[in-house]
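Trainee: Given next are the chains, with one letter for each unit.
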Amino acid sequence: MNVTRRSVLLGSAAVMATMATRVRAAQPKEVAIGVLYPFSGPSAQVGVDAKFASETALDIINNRHDLDLPLAKSAGLPGLGGAKVRLVYADHQGDPQKGRAEAERLITQEKVCALIGTYYSSVAVTVSQTAERYGLPYMSADNSSPSLQRQGLKFFFRAAAHDEMFSKGMFDFYDWMRKKGTKIDTLALFHEDTIFGTDSSNAQLKFASERGYKVVADIKYHANSPSLTAEVTQLKAANADVLMPSSYTTDGILLVKTMAELGYKPKAIVAQAAGFSDKALFDAVGPQIQGLITRGSFSLDLAAKRPSVGAVNALFKARAGKDLNDNTSRELMALIILADAIDRAKSTDGEAIRKALVATDIPGTRTIMPWKRVKFDAQGQNEDADPVLLQYVKDKLVTIFPPQAAIAAPIWPMGA
Amino acid sequence: MSETLLELRGVTRRFGGLAATDDVSFALAPGELVGLIGPNGAGKSTLFNLIAGALLPSAGTIRFEGEDVTALPAPARCARGIARTFQVVRSFDSMSVLENVVVGALARVANPRAARHKAHEILDFVELASRAERPAGELTMADKRRLEVAREPRLLLLDEVMTGLTPSEAQRGIDLVRAIRKRGIAILMVEHVMEIVMPLVDRAIVLDLGRVLASGRPDALVRDPAVIGAYLGQRRSSSVGHAPGA
Amino acid sequence: MAPRLSDPAPIDAISGSAPVGGSAFRRRRRGEFVAAAAILLAAAALPLGIDSVYVENILVLTLMYAALSQSWNILCGYCGQISLGHALYFGIGAYATTLLLVKFGIPPWFGFVAGGILAALVALALGYPCFRLKGHYYTIATIVIAEIASILVLNWPWAGAAMGIQIPYAQPSWLAFQFGRSKIPYFYFVLALAAVTWLATWLIEDSKWGYWWRAVKDDPDAAESLGVVVFRSKMAAAALSAFFTAVAGGFYAEFVSYIDPDSVMNLQLSLLMALPAVLGGIGTLWGPALGAAIIVPLSELTRSYIGGSGKGTDLIVYGALVMVIVLLRPEGLASLLRRRPGAAVP
Amino acid sequence: MLTASSIAQIMVSGLLTGLIYALVAVGLSLIFGLMNVVNFAHGEFLMLAMYATFGLALGLALDPLVAVPIVMAALFVFGAAVYLGIVSYAMRARVNSGMVQIFSTFGLAILLRGLAQYFLTPNYRSIAHSWLGSRTFALGPIYVPAPQLVGALISIAAFFALWLLITRTDFGKAIEATREDADAVALVGISKNRVFALGWGLGAMLVGLAGAILASFYYIYPNVGGPFALIAYVTVALGGFGSVFGALAAGVIVGLVEALTAVILPSDLKEVGVYAVYLAVVLFRPRGLFGSI
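Protein chains in written order, with my numbering: chain H, 1 to 416; chain X, 1 to 246; chain U, 1 to 346; chain Z, 1 to 293.
Just so you know, the hints here were simulated from the structure itself, not pulled from any lab data. For every residue, glycine included, the Cβ atom is placed at its ideal position computed from N, Cα and C. Please note that the accuracy of each hint is not assured.
Computed list of lysine to any residue pairs in SDA-like fashion (alpha-carbon distance at most 20 Å, straight line) [to be verified]:
hint: 1; chain 1: U; residue 1: K311; chain 2: Z; residue 2: L120
hint: 2; chain 1: X; residue 1: K118; chain 2: U; residue 2: K208
hint: 3; chain 1: U; residue 1: K103; chain 2: H; residue 2: A280
hint: 4; chain 1: U; residue 1: K311; chain 2: Z; residue 2: L115
hint: 5; chain 1: H; residue 1: K396; chain 2: H; residue 2: A408
hint: 6; chain 1: U; residue 1: K134; chain 2: Z; residue 2: P286
hint: 7; chain 1: U; residue 1: K134; chain 2: Z; residue 2: V277
hint: 8; chain 1: U; residue 1: K311; chain 2: Z; residue 2: V277
hint: 9; chain 1: H; residue 1: K265; chain 2: Z; residue 2: I142
hint: 10; chain 1: H; residue 1: K375; chain 2: H; residue 2: G152
hint: 11; chain 1: Z; residue 1: K173; chain 2: Z; residue 2: L153
hint: 12; chain 1: H; residue 1: K305; chain 2: H; residue 2: N239
hint: 13; chain 1: H; residue 1: K29; chain 2: H; residue 2: D68
hint: 14; chain 1: H; residue 1: K214; chain 2: Z; residue 2: P266
hint: 15; chain 1: H; residue 1: K265; chain 2: Z; residue 2: A177
hint: 16; chain 1: H; residue 1: K396; chain 2: H; residue 2: P287
hint: 17; chain 1: H; residue 1: K355; chain 2: H; residue 2: E132
hint: 18; chain 1: Z; residue 1: K173; chain 2: Z; residue 2: W163
hint: 19; chain 1: H; residue 1: K322; chain 2: H; residue 2: A280
hint: 20; chain 1: U; residue 1: K208; chain 2: U; residue 2: V230
hint: 21; chain 1: H; residue 1: K322; chain 2: Z; residue 2: L58
hint: 22; chain 1: U; residue 1: K208; chain 2: X; residue 2: M198
hint: 23; chain 1: H; residue 1: K355; chain 2: H; residue 2: Q379
hint: 24; chain 1: H; residue 1: K183; chain 2: H; residue 2: Q151
hint: 25; chain 1: U; residue 1: K134; chain 2: Z; residue 2: L283
hint: 26; chain 1: Z; residue 1: K192; chain 2: Z; residue 2: P286
hint: 27; chain 1: H; residue 1: K154; chain 2: U; residue 2: V230
hint: 28; chain 1: H; residue 1: K214; chain 2: H; residue 2: M177
hint: 29; chain 1: H; residue 1: K372; chain 2: H; residue 2: N63
hint: 30; chain 1: U; residue 1: K208; chain 2: X; residue 2: R108
hint: 31; chain 1: U; residue 1: K134; chain 2: Z; residue 2: N36
hint: 32; chain 1: U; residue 1: K208; chain 2: X; residue 2: R183
hint: 33; chain 1: H; residue 1: K279; chain 2: Z; residue 2: L58
hint: 34; chain 1: H; residue 1: K355; chain 2: H; residue 2: D323
hint: 35; chain 1: H; residue 1: K111; chain 2: H; residue 2: E30
hint: 36; chain 1: H; residue 1: K111; chain 2: U; residue 2: L301
hint: 37; chain 1: U; residue 1: K103; chain 2: H; residue 2: R150
From the derived model, a few chain U residues whose C-beta atoms are all more than 10 Å from chain X [stated by the list, open to error]:
hint: 38; residue: L199
hint: 39; residue: L226
hint: 40; residue: L321
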C-alpha cells in the first residue's frame, strides 16, 4: 500500500497548495512572474545574487522611482490598471529535469504569465521548451549559450548578448588594438568542459581563424578540479600574447593563484566574464589581476553616460551589499524588459505578451546597459546588445571598449 | 558401479616449496565413516579443501564414484554429492534456517518448490524443524553445526564439527553423525579430540607432515608407535612404513 | 530477508505449523501478489483524481525511482554487490535511446530495449574483471568506471558532448513517445515499468537465483561449498539489474526530452538510485517502492516549497531525514509493513 | 611544445599535490582500517576544516599555519562526536550495516552542506592574505609554491607522526588490537567504543590538518569537499583500505598520474588517468597496493 497512498497524500497536499496560490493569483491586481535560478548546489550564490537583482527590479517596477527606465516612474503596471508584479522563485539546482518540473509548477500552479532565468544553459533548454509548450514567454536573463536561440522557439527571448557576440567583441578589440600598432598574434584559450566553456571556446576558435590569430594553446579542463598546475604549466609554456579564460568563480580563483605560484605573468588576460566578474574572485585574487580585461554586459562607470545606472546600483547595493555585476545587471534589466512587455500587452495572456516582446523597441539610454537598444530578432535575440570590455584597474572595472562607451584607454600589456 | 565412493591417488598440493599434502592415496567405500586425524599442520584441512574442490591438487587424481573430479570446481563437486563443513561455522545469517537448507538442496533439485520440501525433510531429520523459519543468525553454535550437516550428499566432509560444543551438545552431535551415517552417507571427519573420533569411526587415517602415516581400525592405531610418536611430536623421518589406503 | 530479523514474533506464531510452512509460504506469496495487484490498480486510477501537472510529475519521478531502485536492489540488495555506479547503465539507456531516435529516427520503444540489452552486455563485460573485487574495492571500482564513462561522453561531440542532446518536439503519439503537455501516458508507462521490475523481483525471490544470490550476499565461500556458482550468480544479477536501469534511463530521456552527461551520468544519481532501497529495506520486495514513495516526493516538495530561499533549508531537511530514517530503521521501513503473521514466512 | 623544464615543473607540482591528497585521504583510510567504515561525509569534514581556518583568519586574524592546532583540535572533537552520535548507531545495525553506514554518512554530508549554506552563505571565500599566501620559490625554471611545499612537508611529518603513534604508543596498540579483533580487546579491558571514537577523532583531526593547509591557497564554499572526497576514496582504495603507508604512496601516485595525464591527454581527462590506474592496479592486486583488509 506504499507508492500510491503516500503520493495521494502528498498529491492532495500539493493540490491544496495549488488552491491557495490560485486564490492569490486570482486577485486581479497582481501579475505573477516565475523566476528560476539555482538556489542550492554548487552555484547557489548565483541564485542568491539573482534574487537581490530581481527584488531590485521588482522595486523599480512596483514603486515610483525617478529613473529613465521602463515602468520606473509608475507604480505597478499602468497597462493593467496599476497591477503589481509578484515574483515566484523556484530552485532548479542546476538540473534540467528539476528546472522543467519547477517551470511546470510555476505555470500550472502559481499561474505565472512568463518565466525568467536560469543561469545554467542546460536548464534553459528544458525551461524554454516548457514555456513553448505552454505558450508563454521565457526571458533568458543570463544564459550566454548561443545554441539556445537556435532551437527555433517562438517564446524564447534574450535581451543580453550571447557568447558569440561577446567573443566577437573581444576580437573587434584585438583588431582595433592591432590597427593602433599593438602586437597581438597568439592566443591561449582556457575553458571548462561545460556548455558555457565549449560554446565560448568554439566561438573564439572560429573568430581566431577568420581574423588570423594563432591559437597556441586550447586547454579544456574539468570544472572544479582540485588542481590546475598541469594546465597552467602548459599555458605558461605556450606564453601567448593573450590568455582567454572561460571559467566560473571557483576555477577562476584557482587559475589566478596557480599562475602566481608558477610564476606565469601573461601579457594580457581577456576573460569571458563569468567568474571574472564575480566580486568573490576580485576579493580573493584582486592584486594578482590588476589590468585584467573582461567582457561585460555592464559597467558602473556607464553612470557617466546613463544616470540611472548609479541610482539602480545603489538600490541593488542596499540589498546585496555589493555592486551590480555582469550577471546581476542582466538579470535585473531582463526582468524590467519582460515586465514592460507585459505592461504593453495589457494582458497576462502568453501570446499577447509574446507579441508585445516582439514589438519591443527600447533605446539603450533607457536601460542600465551599454546596449544600443533592445529589439528582438526572429530568433528572439537582441542583436543590439553590444558588449563592452572592462579593465580591472586599481580594484575597479573601467570600460575601455568599444570607443563610444569607453571612458579610459586600455592598459596593454596588463603589467604596464 | 565401483565399490569405492572416493579415491585419492598420489594427491599432492604444494604451497611454494613445501608440500602441505604429499602423495596421499586412500579410498572410501559408500556409507563408510572414516576419521582423518593427525597433529596440527599435518595437512588435514588442505586435504579437505582438495577433496571439496576449494583447492586444486598440484599432482595426483581424485575420483568420485569412478568419475575423475580432479579438475572440477567446488560447485560441480557439490552437485555430484560432495558436501563439506567449515572449521569456522558458516551460515547465511540473513536467511531463515529453511532457506539455508534450500540453497544446498537446489544444488541437486532444480525446482525451488521441490527443494523446499526436501529441505523440510532434512530439517526434521537434523531436528531443526521447529526453528525452520528462524533467521539462521539466531541459532546457537550447536544448532549451526546441525544446520551445516543438514544436506543429503553422498559424501560428507566434517571439519572439526565438535569443537566449541558442550559435552552434552557434543553427545547429541555424535548421535547425529551416527544417524547421518545410517542414511548411507559416507563421512570423512577431521577431529582433534581422539575420545570422540575413535569410538565413532570404522577406520581412521593418520596424516603427518602431509603424508599418510598410518591407516586402520582405531583400536589398532592407538597402539601404533608411529602414530603415538607423531602425536608426541617425536618427528621420525617418515621411513616409518607408510601404510597404503584400505 | 532482512525484515524477518526485525520482528521474529509473528514467525513464532506460525512456526508451530512448521511442517506445513510450505503452504504458509505459498499463502504469503499469494498475499504479496494480490497486494501488488491491488496497489497497481489503485495507482492506475490515480490520474483520475489528480489534475496537477506538478503532482503528476512527482508521481512519475516516484515510480521511476521505484523502478530504478528495484533494479539496483536486484544486484545490490539480493546479491550483495554494492554498486554506486549505476548511473552508467542509466546513462547508457538514456543515450542509446536518444541517439537512436535523433540520429537514426528509430522509435524510442526500440531504443528502450536496445539500451537495456547494451547495458546488460556492458554489465557483463565489466563484471568479468570487477567481480573478483570484494567489498569497498568493488564499490569504488563501480564509481570510477561510471565517472570515466561520464567524462568520456562529455568529450564525445557526436553524442552532443557537454551540450547534451535535445529531443526535437514531435506530434504527440505513442510511437514517438511524446504527448505534448500531458504526463498521463508517461505515468502509465513508468507505472508498468515499476510493476515489471517488482514482478521480476517477486519471481526471483522464489527462484534458484533468488536463493543463490542471497547466499552469495551472506557468505560466498559457504555458498560455493553448497554448489552455488558464485561468479555466474553475480553476472546474472548484474545483467538483469543493468537492463532495467537502462530502460528507466531511456524513459527519463524521453520524459525530459533533454539529456547531458551531468544530468544522466553523475555520481549523485547513482546514490539517489540506491537511496530508496536503503530507506525502504535493501534486499526486500517492497523496500524500493516504499522508499521511493517517501523520499522522492519529499525531496521534490522541499525543493519546491522551501528551496527558493537560497538558504539550503531543503538540503538540511532532506539530509537529516535520510540520516534519521537510516539510523532508526536500518532494516528499512518495509519491516514496518510486516505485521501480518503470514507475511513473515519465507 | 612542452620543454624539459615544464615537464619537471609538472612532476614537482604533481608530487606536492599528491602529498596533500595523501594527507586528505589518510584520515579516511585510518577510520576504515580501524572499523571497516567508509565515511561518505569525508569531503564535508574537509569543508568544515577549511571554513574553520577561514573563520579564524577572518575573526581572530590568525594565519592558517597558526590556526592548524586549533582546527585540528576542533575536528578531533567533531569527528569523535560524529562517531558517538551517528556512526556508533549505524554500526549497531544487524542487517546491511554497510549500506547503513554509507547512507547515514551520506545524509550527514548533505546536512552539513545545507548547514554550511544556511549559516555561511554559498559565497566563495578565500583567505586573501597569509604568510604562505601566493609566495613561491624559483629553483631555476621550476617554481615551488610555498603553500604546497609546506603542505607537502607537513603531510610527510604527519605520516611519520602517525606511524609513531600507531607503532609506539598504547593508543596505537589499542587501535591495532581493535582492528585485529574488536571484541577480543574488550576482554583485555579496552573499550571498543572509546577506541573507535578516538579513531574517528584522529581521522577527522588529520582532515582538519589537510583542510587548514588547503585553506591557505584554495577557495572555500559549501560544496568544496566533493572533488577532494572522490579523489580521497580512490586514493585510499588504490593504496589499500586501512593501510596508512598505502595512502601515502597512492596519494603521490595519484598526484603524479593526474599531472602527467593532464599534459598527455586533453587535460579534462586527467581524472580518467587516475581512475584507469586504480582499475589497472586492483585487477592485479584486488586489495590495492598495500591493502590487508
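Trainee: Determine for every hint whether it applies to the structure shown.
Mentor: So, going through the hints one by one against the coordinates:
1. Restraint check: the Cα-Cα separation between U/K311 and Z/L120 comes to about 9 Å, which is no more than 20 Å; the hinted pair holds.
2. Proposed proximity of X/K118 and U/K208 is supported: the alpha carbons are some 14 Å apart, at most 20 Å.
3. The straight-line distance between the Cα atoms of U/K103 and H/A280 is roughly 43 Å, outside the 20 Å bound, and the hint therefore fails.
4. In summary, the hint linking U/K311 to Z/L115 is supported, as the alpha carbons are separated by about 9 Å, within the 20 Å threshold.
5. A threshold of 20 Å between alpha carbons decides the hint, and for H/K396 with H/A408 the separation of about 12 Å falls inside it, so the pair holds.
6. Using a Cα cut-off of 20 Å, the hinted pair U/K134 and Z/P286 holds, with the two alpha carbons roughly 8 Å apart.
7. Restraint check: the Cα-Cα separation between U/K134 and Z/V277 comes to about 18 Å, which is no more than 20 Å; the hinted pair holds.
8. Between U/K311 and Z/V277 the CA atoms are separated by roughly 40 Å; this puts the pair beyond 20 Å, and the hint is violated.
9. Taking the CA atoms of H/K265 and Z/I142, the gap is about 15 Å. The hint holds against a cut of 20 Å.
10. Using a Cα cut-off of 20 Å, the hinted pair H/K375 and H/G152 holds, with the two alpha carbons roughly 18 Å apart.
11. With a C-alpha separation of about 26 Å, the suggested pairing of Z/K173 with Z/L153 is violated against the 20 Å cut-off.
12. In summary, the hint linking H/K305 to H/N239 is not supported, as the alpha carbons are separated by about 38 Å, beyond the 20 Å threshold.
13. Between H/K29 and H/D68 the alpha-carbon distance is near 24 Å, which puts this suggested pair outside the 20 Å criterion.
14. A threshold of 20 Å between alpha carbons decides the hint, and for H/K214 with Z/P266 the separation of about 19 Å falls inside it, so the pair holds.
15. Proposed proximity of H/K265 and Z/A177 is contradicted: the alpha carbons are some 54 Å apart, above 20 Å.
16. Annotation: proposed proximity of H/K396 to H/P287 holds, straight-line Cα distance about 11 Å (limit 20 Å).
17. Taking the CA atoms of H/K355 and H/E132, the gap is near 14 Å; set against the 20 Å cutoff, the hint holds.
18. The straight-line distance between the Cα atoms of Z/K173 and Z/W163 is roughly 11 Å, inside the 20 Å bound, and the hint therefore holds.
19. A hinted pair counts as satisfied when its Cα atoms are at most 20 Å apart, and H/K322 with H/A280 qualifies at roughly 10 Å.
20. For the hint linking U/K208 to U/V230, the alpha-carbon distance of about 12 Å falls within 20 Å, and the restraint holds.
21. With a C-alpha separation of about 19 Å, the suggested pair H/K322 and Z/L58 falls inside the 20 Å cut-off, and the hint holds.
22. Distance check on the hinted pair: U/K208 and X/M198 sit about 40 Å apart at the alpha-carbon level, beyond 20 Å; violated.
23. Straight-line distance between C-alpha atoms of H/K355 and H/Q379 comes to about 13 Å, which keeps the hinted pair within the 20 Å bound.
24. Straight-line distance between C-alpha atoms of H/K183 and H/Q151 comes to about 39 Å, which puts the hinted pair past the 20 Å bound.
25. About 11 Å separates the Cα atoms of U/K134 and Z/L283, which keeps this hinted pair within 20 Å; it holds.
26. For the proposed pair Z/K192 and Z/P286, the alpha carbon gap of about 29 Å is over 20 Å, so the pair is violated.
27. A threshold of 20 Å between alpha carbons decides the hint, and for H/K154 with U/V230 the separation of about 58 Å lies outside it, so the pair is violated.
28. This hinted pair checks out: H/K214 and H/M177 have alpha carbons roughly 16 Å apart, not beyond 20 Å.
29. Between the alpha carbons of H/K372 and H/N63 the distance comes to roughly 26 Å, so the proposed pair goes past 20 Å and is violated.
30. The hinted pair formed by U/K208 and X/R108 meets the criterion: a straight-line CA distance of about 11 Å does not exceed 20 Å.
31. Restraint check: the Cα-Cα separation between U/K134 and Z/N36 comes to about 13 Å, which is no more than 20 Å; the hinted pair holds.
32. Using a Cα cut-off of 20 Å, the hinted pair U/K208 and X/R183 is violated, with the two alpha carbons roughly 26 Å apart.
33. Taking the CA atoms of H/K279 and Z/L58, the gap is about 17 Å. The hint holds against a cut of 20 Å.
34. The straight-line distance between the Cα atoms of H/K355 and H/D323 is roughly 34 Å, outside the 20 Å bound, and the hint therefore fails.
35. Using a Cα cut-off of 20 Å, the hinted pair H/K111 and H/E30 holds, with the two alpha carbons roughly 11 Å apart.
36. For the suggested pair H/K111 and U/L301, the alpha carbons sit about 18 Å apart, so the restraint of at most 20 Å is met.
37. Annotation: proposed proximity of U/K103 to H/R150 holds, straight-line Cα distance about 18 Å (limit 20 Å).
38. In this structure U/L199 is separated from chain X by more than 10 Å, as the shortest Cβ-Cβ distance comes to about 17 Å.
39. At the 10 Å boundary, the C-beta of U/L226 falls inside the reach of chain X, the nearest C-beta of that chain being 4 Å off.
40. The Cβ of U/L321 lies farther than 10 Å from every Cβ of chain X, with a closest approach of about 26 Å, so its non-interface assignment holds.
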